[in-house]
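2 protein chains.
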Amino acid sequence: MEVGVLGAGQLGRMLALAGHPLGLRFCFLDPTPNSPASGLGEHVVAPWDDSAALARLARADVVTFEFENVPVDALHWLRDHVRVLPNPRALEVGRDRLQEKTRFRELGIPTADFRAVDDEASLLAAVAELGTPCLLKTRRFGYDGKGQALIREPAEASAAYAALAGQPLILEAFVRFQRELSILCVRGQSGETRFYPLIENQHREGILRLSRAPALQVSPEQRASAERHAERLLADLDYVGVLALELFDVGGTLFANELAPRVHNSGHFSIEGARTSQFENHLRAVCGLPLGDTSLLGPSAMLNLIGHVPPKAPLLEVPDLHLHDYGKAPRAQRKVGHLTLRARDDAELETRLAHVQALLASG
Amino acid sequence: MEVGVLGAGQLGRMLALAGHPLGLRFCFLDPTPNSPASGLGEHVVAPWDDSAALARLARADVVTFEFENVPVDALHWLRDHVRVLPNPRALEVGRDRLQEKTRFRELGIPTADFRAVDDEASLLAAVAELGTPCLLKTRRFGYDGKGQALIREPAEASAAYAALAGQPLILEAFVRFQRELSILCVRGQSGETRFYPLIENQHREGILRLSRAPALQVSPEQRASAERHAERLLADLDYVGVLALELFDVGGTLFANELAPRVHNSGHFSIEGARTSQFENHLRAVCGLPLGDTSLLGPSAMLNLIGHVPPKAPLLEVPDLHLHDYGKAPRAQRKVGHLTLRARDDAELETRLAHVQALLASG
Chain Y
429 MEVGVLGAGQ LGRMLALAGH PLGLRFCFLD PTPNSPASGL GEHVVAPWDD
479 SAALARLARA DVVTFEFENV PVDALHWLRD HVRVLPNPRA LEVGRDRLQE
529 KTRFRELGIP TADFRAVDDE ASLLAAVAEL GTPCLLKTRR FGYDGKGQAL
579 IREPAEASAA YAALAGQPLI LEAFVRFQRE LSILCVRGQS GETRFYPLIE
629 NQHREGILRL SRAPALQVSP EQRASAERHA ERLLADLDYV GVLALELFDV
679 GGTLFANELA PRVHNSGHFS IEGARTSQFE NHLRAVCGLP LGDTSLLGPS
729 AMLNLIGHVP PKAPLLEVPD LHLHDYGKAP RAQRKVGHLT LRARDDAELE
779 TRLAHVQALL ASG
Chain C
429 MEVGVLGAGQ LGRMLALAGH PLGLRFCFLD PTPNSPASGL GEHVVAPWDD
479 SAALARLARA DVVTFEFENV PVDALHWLRD HVRVLPNPRA LEVGRDRLQE
529 KTRFRELGIP TADFRAVDDE ASLLAAVAEL GTPCLLKTRR FGYDGKGQAL
579 IREPAEASAA YAALAGQPLI LEAFVRFQRE LSILCVRGQS GETRFYPLIE
629 NQHREGILRL SRAPALQVSP EQRASAERHA ERLLADLDYV GVLALELFDV
679 GGTLFANELA PRVHNSGHFS IEGARTSQFE NHLRAVCGLP LGDTSLLGPS
729 AMLNLIGHVP PKAPLLEVPD LHLHDYGKAP RAQRKVGHLT LRARDDAELE
779 TRLAHVQALL ASG
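Protein chains in written order, with our numbering: chain Y, 429 to 791; chain C, 429 to 791.
In short, the hints are calculated from the structure, not lab data.
Be aware that one or more of the hints could be misleading.
[Unchecked claim] Footprint (simulated), chain C over chain Y, 3 or more residues, beta carbon under 8 Å: (1) 440 to 452; (2) 467 to 475; (3) 614 to 625; (4) 644 to 653.
[Stated by the list, open to error] No more than 25 Å apart at the CA atoms, straight line, and that leaves these computed lysine to any residue pairs for SDA-like: (5) C:Lys-740 / Y:Arg-511; (6) Y:Lys-574 / Y:Ala-590; (7) Y:Lys-763 / C:Arg-453; (8) C:Lys-740 / Y:Ser-723; (9) C:Lys-740 / Y:Leu-724; (10) Y:Lys-740 / C:Glu-620; (11) C:Lys-763 / C:Glu-470; (12) Y:Lys-763 / C:Glu-430; (13) C:Lys-756 / Y:Pro-538; (14) C:Lys-740 / Y:Ser-618; (15) C:Lys-740 / Y:Leu-719; (16) Y:Lys-756 / C:Met-429; (17) Y:Lys-740 / C:Ser-618; (18) C:Lys-756 / C:Met-429; (19) Y:Lys-756 / C:Lys-756; (20) C:Lys-756 / Y:Ser-466; (21) Y:Lys-740 / C:Ile-734.
Fair warning: this is a prediction, and the values are worked out from it, not measured in the lab.
We put the beta carbon where it would ideally sit given N, CA and C, even for glycine.
Could you build all of it, start to finish, from the sequences and the hints given here?
This is the structure in structure tokens:
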């Protein structure tokens with residue numbers, strides 16, 4: 429069975445590493461040569477909308493994606509020629525903050541208040557309605573903290589508008605959250621759904637640095653609420669595959685921040701930390717195979733390697749540490765790999781984490 | 429860092445799947461196109477002694493092997509041009525039963541009594557000395573029960589000789605063992621050595637079917653004895669990488685049967701069953717990285733898939749089962765994949781194993 433993948437980045441690489449043991453073959457479409465997944469399947473190097481490249485991808489048994497900003501026409505063409513999973517509508521919703529937040533609201537999932545911004549006048553009106561501080565964001569192409577401006581007081585609105593104008597925008601109320609969580613879930617072709625435990629995420633400079641699974645101090649009600657929110661989205665989108673829902677914990681209530689219709693950085697711990705990794709479960713789902721057990725083998729943490737991969741030997745001395753080097757050239761602020769740590773209990777995880785963080789700080 | 433590998437079979441495939449996350453690249457030399465490892469690195473399709481192919485391999489940072497019957501001249505040429513690990517001498521010893529058994533004896537490692545057989549007269553003399561039953565074997569190219577003949581009584585000697593004559597032979601006393609075990613170990617460039625727990629192996633028609641790790645009812649003395657035997661071999665061969673030593677349990681005493689100077693089928697359970705797989709540990713050793721923890725995550729079993737891969741869906745319903753499909757065409761008696769099972773305790777492992785064996789019998 430061959431899986432076509434839109435995108436050949438590290439997510440595609442890890443899909444392929446999980447999929448070869450299942451007997452799957454891979455064909456990636458990505459305009460960037462020498463991408464992280466290049467050596468793990470056929471890599472068609474072409475623009476996203478290249479018709480010959482899309483025709484090649486359509487010869488796969490199923491097509492999925494690891495990159496969200498594929499042109500909509502290319503997706504529609506593919507959908508007419510091959511099974512595309514998850515549903516491309518999830519991608520269209522997930523990559524447009526206005527559609528996404530509207531969907532959250534329509535499904536009864538708590539989210540920050542928001543307004544569409546079409547011009548400076550509508551921004552000023554929206555700032556007056558939502559109050560400050562608030563966040564002006566591009567509706568699309570925002571990731572790792574890019575494409576957004578904080579408006580601390582109404583007088584800053586015009587400057588924020590000037591910085592981002594020219595693209596469709598959204599204004600969001602500022603949510604004073606205590607922590608960031610995410611929930612990863614997988615839905616099979618029969619509608620069966622499984623959830624990984626809630627994950628706690630720490631960002632710095634807008635980039636995910638550390639994820640812990642399971643998140644500590646999560647009440648059964650919070651877990652149930654996160655699963656209910658995710659399940660509504662999955663059903664609404666007629667979803668097949670892994671979906672990540674990012675959440676803010678606001679005094680115990682979970683607010684949906686954004687969804688990712690794909691495997692997700694905060695779920696990388698699952699490669700060694702869970703009984704079935706998010707990558708294997710995504711492939712099982714899109715290939716119509718039974719879903720795998722999402723429970724943990726032990727408390728786990730994931731640390732992103734940003735900019736460059738530090739010296740490997742000291743890291744590999746740490747028990748139950750697993751290195752994932754994406755084979756990318758070093759560049760400031762770039763995710764070039766990650767580490768997974770697993771432990772018998774929370775105390776052991778804390779000790780190991782402190783040790784590894786010290787190694788990273790010195791490397 | 430690039431690792432050159434002689435052979436592109438399933439062992440090479442699993443080395444590559446373990447090595448990509450470490451940031452390693454692979455170049456395989458193997459005369460068979462479309463081999464299991466072909467899609468996971470550069471595959472140079474050429475005869476083993478092709479000079480251009482060997483020159484390509486010598487551009488790697490280190491060369492290792494997953495196939496033992498590489499011509500000796502090719503190995504010697506490589507050794508003069510690139511670091512080859514483990515020591516090619518281990519390969520020369522491991523692939524010749526006479527050298528291998530002589531080495532065991534010289535190192536004080538118990539092994540079946542044996543005699544070199546150079547012609548029919550020396551066979552008849554050897555049969556008289558060792559008694560019957562005994563086993564006539566080719567010194568080289570024997571695997572999965574091929575290249576051997578059982579001599580139940582002296583009158584059968586000539587027929588056995590006729591079946592195998594034309595190749596260098598060895599006669600071995602028949603060892604009435606209670607069970608077959610193996611020990612896998614890894615030795616780093618500093619000489620540091622780590623051992624996986626003893627494994628119990630079940631063969632049928634000369635092919636490994638089932639391995640359990642750890643082997644049950646192993647006394648501390650037996651474990652110490654197996655480790656001592658393996659350690660002597662590793663030191664004697666100035667070995668770097670993973671080595672497997674196959675053992676017979678004869679009333680509690682361990683007899684060495686044969687060594688494999690490479691990752692080994694009985695160690696495949698380690699991909700999900702151990703904290704560091706044999707494949708990762710082999711690569712860590714040959715690349716000069718620290719060795720990983722060889723302890724188990726839980727009692728584990730490995731079942732070979734022989735001939736064809738059965739329907740996947742029923743297998744993937746089993747919790748903690750992992751499928752490894754080598755991507756090979758089906759063929760009678762061919763190893764085309766394996767399953768790993770892991771459990772919390774021995775009883776759970778037995779239950780799951782019985783269930784999976786029933787599935788395999790029906791599939």
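Now the hints, each set against the structure:
no. : hint                  : result
1   : 440 to 452            : holds (count 6)
2   : 467 to 475            : holds (count 3)
3   : 614 to 625            : violated (count 0)
4   : 644 to 653            : violated (count 0)
5   : C:Lys-740 / Y:Arg-511 : 21 Å, holds
6   : Y:Lys-574 / Y:Ala-590 : 15 Å, holds
7   : Y:Lys-763 / C:Arg-453 : 19 Å, holds
8   : C:Lys-740 / Y:Ser-723 : 21 Å, holds
9   : C:Lys-740 / Y:Leu-724 : 23 Å, holds
10  : Y:Lys-740 / C:Glu-620 : 18 Å, holds
11  : C:Lys-763 / C:Glu-470 : 23 Å, holds
12  : Y:Lys-763 / C:Glu-430 : 22 Å, holds
13  : C:Lys-756 / Y:Pro-538 : 50 Å, violated
14  : C:Lys-740 / Y:Ser-618 : 17 Å, holds
15  : C:Lys-740 / Y:Leu-719 : 12 Å, holds
16  : Y:Lys-756 / C:Met-429 : 13 Å, holds
17  : Y:Lys-740 / C:Ser-618 : 17 Å, holds
18  : C:Lys-756 / C:Met-429 : 28 Å, violated
19  : Y:Lys-756 / C:Lys-756 : 31 Å, violated
20  : C:Lys-756 / Y:Ser-466 : 22 Å, holds
21  : Y:Lys-740 / C:Ile-734 : 38 Å, violated
In this structure, the hints that do not hold are numbers 3, 4, 13, 18, 19, 21, in rising order.
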